[in-house]
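Novice: In case you want the letters, here they are:
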Amino acid sequence: MNADVFPTNNGSSHLNETKLRSQDVSLFYGKFQALRSISLDIPERAVTAIIGPSGCGKSSYLRLFNRMNDLIPDTRTTGHVELDGIDIYQRDVDVVDVRKRVGMVFQRPNPFPMSVFENVAFGPRRHGIRNREELSDIVERSLRQAALWDEVKDKLAHPGLALSGGQQQRLCIARVLAVEPEVILMDEPCSALDPVATLKIEDLMRTLCSEYTIIIVTHNMQQAARVSDVTAFFMMEDDRAGVLVEAGPTSGLFTNPKQKTTEDYITGRFG
Amino acid sequence: MNMVRRRITQRLAFILLAATTLVVVTPVLFIIIYMAIEGAPALSWEFLISAPRMAGKEGGIFPAIIGTFYLMIGTIVFALPVGVLAGIYLTEYATDNWLTRTINLAILNLAGVPSIVFGLFGLGIFVMLFQFGMSLLAASLTLACQALAMTITTSREAILAVPRELREGSLAVGATRWQTIRHIVLPQSLSGIVTGAVLAMSRAAGETAPILVVGAAFLVPGLPTSPLDRFMALPYHLYTAAAHVPGMPKSIMWGTALVLLAVVLSFNLIAIIIRLRVRRRRYS
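Which chain is which? The protein sequence lines are A and B, in order.
For the record, in the first sequence the residue sitting at position 15 is 15 according to this note's numbering, with numbers rising by one throughout.
Remember, this note's numbering sits 271 above the position in the second sequence when you count from 1.
Check before you lean on any hint, since a few could be wrong.
Said to hold, decoys possible - Across the chosen pairs, the derived CB separations fall in these ranges:
1) B:LEU379 / A:ASP238: 38 to 46 Å
2) B:LEU379 / A:ALA192: 34 to 42 Å
3) A:ALA192 / B:LEU288: 32 to 40 Å
4) A:SER164 / B:LEU356: 50 to 58 Å
5) B:LEU370 / A:GLU263: 50 to 58 Å
6) A:ALA192 / B:ARG453: 49 to 57 Å
7) B:VAL296 / A:SER191: 40 to 48 Å
8) B:LEU356 / A:GLY128: 47 to 55 Å
9) A:ASN256 / B:ILE374: 57 to 65 Å
Stated by the list, open to error - Heads up, incomplete: computed chain A residues facing chain B, CB under 7 Å, no partners named:
10) MET104
11) GLY123
12) ARG126
13) ARG130
14) VAL179
Note that these hints are calculated values from the structure, not bench results.
By construction, the Cβ of each residue, glycine as well, lies at the ideal position given by its N, Cα and C atoms.
Same shape as in the complex, but just chain A (with noise of 0.2 Å):
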């Protein structure tokens, strides 16, 4: 399959190069496969919606490309990931390289227990800025374009986690976006949040792929017609291992499915 051909919805009649790329892929929790030879190409500054039933390995998939599989004793990964051509599994690429290039927002909100400010200053100054200035301008540019600036810019001070859910979900993508990566990874993003704080992350998602290359897992069929350019649906096999089973133009997929599995689960026969 090539990306190429996808038409994206932020520049009407643009055509996006391949961002992100996985090359028959397997992953392995110890002696349990999670994932099947998978082979997925991801557009630039588009949103990917990556959907299946739960256990089918989305999240498993997402975290490959930020390496945060790492983390996890006892995992294996087969195959080749690539960020713009460049394998992230080689030997020699630093992983903090990668996950500063390709950031996450997480299933739950995770501010760090400190001010607004710091949240957001966190990365850039892991990353050595010290100048108070500089930071504060990296906050309140990432803030501006979490669409949070102005109902926090009066609580800089106070802690993100005195902030309400969906408040807290923009500030870990202000957070992610301080510290200006390619790629944001979305695991989840609205799962804990209510209605009106899932339509703000939605919207805000519109606006940033115009700049930055989104995956978003979504177990919400809904969601992933709302946001996205192209949709990939994962499935398990009968050893639960997860694979591909179709990917495509996000309206294309919903409307005209070409795998039965892909039909079965859009019209909520199972799953």
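With chain A's structure known, arrange chain B on it following the hints.
Specialist: Chain B alone, transformed into the frame defined by chain A:
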């Protein structure tokens, strides 16, 4: 009918639980009250700030208070850094293999080693092999070895209690593992680590057996001026006064015990206050 029975059962369970709690609390209160009554007559400014006279039968216990204080500081200076660093290594870096499992088993056993064995170990290693002699330094190191089991365990538990989500959030913005430990994990586990350390100190303050053989003395002229001096300590003073000095006034024994208890309890209080302050700073 059933309803009545259930209510009675609930009532009985409640009474049983409350009674058990009372059983736990009563001896503690009783000990404190009894000691306060017996020891109060001996307590005076003089008792606290002057040196013992007449083999401790008169005068005060000031050198023993200072000695115990030095011991606590000495113990924690060695036991806290090692404990925290080992705790970090074991939780954040060590992979689960036979070596790590052996180390964990060793730490568990360290806590179970009788304290006099630590004393003999200290005598062999610090006093004789390292030539520190019978001294404050040798005693501090000996107590530190004993306290390690506690500082490692409490550090490790405090570090493990930091939610995985926070570590992941930090790593996900490109922080290194060490930066994550330094800026997320350690600040988050600080109150647990400090509490463990202060409790280890108050335990060191109460130890008698280990220091018996590595440098504590019943009567030392003057205060220790170097780490290589011998020293007095409250528990050892109490032990000798009670067991080996005929005609020792009871009030002095109880007074010494009361002071020892006050030192230990005030350190526990400090632990609680530090914990509260850290927690308040985090959430306000």
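Novice: Work down the list of hints and note, for each, if the structure agrees.
Specialist: We went through each hint and held it up to the structure:
The beta-carbon spacing between B:LEU379 and A:ASP238, approximately 43 Å, falls within the hinted interval of 38 to 46 Å. Taking 34 to 42 Å as the suggested C-beta distance range, the pair B:LEU379 and A:ALA192 conforms, at roughly 38 Å. At roughly 36 Å, the beta-carbon separation of A:ALA192 and B:LEU288 lies within the given 32 to 40 Å, and the hint holds. Separation of A:SER164 from B:LEU356 is about 39 Å and departs from the stated range, judged on CB atoms against 50 to 58 Å.
Distance hint for B:LEU370 and A:GLU263: a CB-CB separation of about 53 Å, consistent with the stated range 50 to 58 Å. Separation of A:ALA192 from B:ARG453 is about 29 Å and departs from the stated range, judged on CB atoms against 49 to 57 Å. A C-beta distance of roughly 46 Å is found between B:VAL296 and A:SER191, which places it inside the suggested range of 40 to 48 Å. A C-beta distance of roughly 25 Å is found between B:LEU356 and A:GLY128, which places it outside the suggested range of 47 to 55 Å.
Checked against the hint of 57 to 65 Å, the C-beta distance between A:ASN256 and B:ILE374 comes to roughly 60 Å, which is consistent with it. Interface restraint check: A:MET104 against chain B, minimum CB-CB distance 4 Å, threshold 7 Å, status holds. Taking 7 Å as the C-beta contact cut-off toward chain B, the hint placing A:GLY123 at the interface holds, the least distance being around 4 Å. Interface hint at A:ARG126: satisfied, since its Cβ lies 4 Å from the closest Cβ of chain B, which is below the 7 Å cut-off.
At a threshold of 7 Å, the smallest CB-CB gap from A:ARG130 to chain B is about 14 Å, leaving the interface hint violated. Because the closest C-beta pair between A:VAL179 and chain B is about 5 Å apart, less than 7 Å, the hint holds.
Against the hints set out earlier in the document, violations occur for numbers 4, 6, 8, 13.
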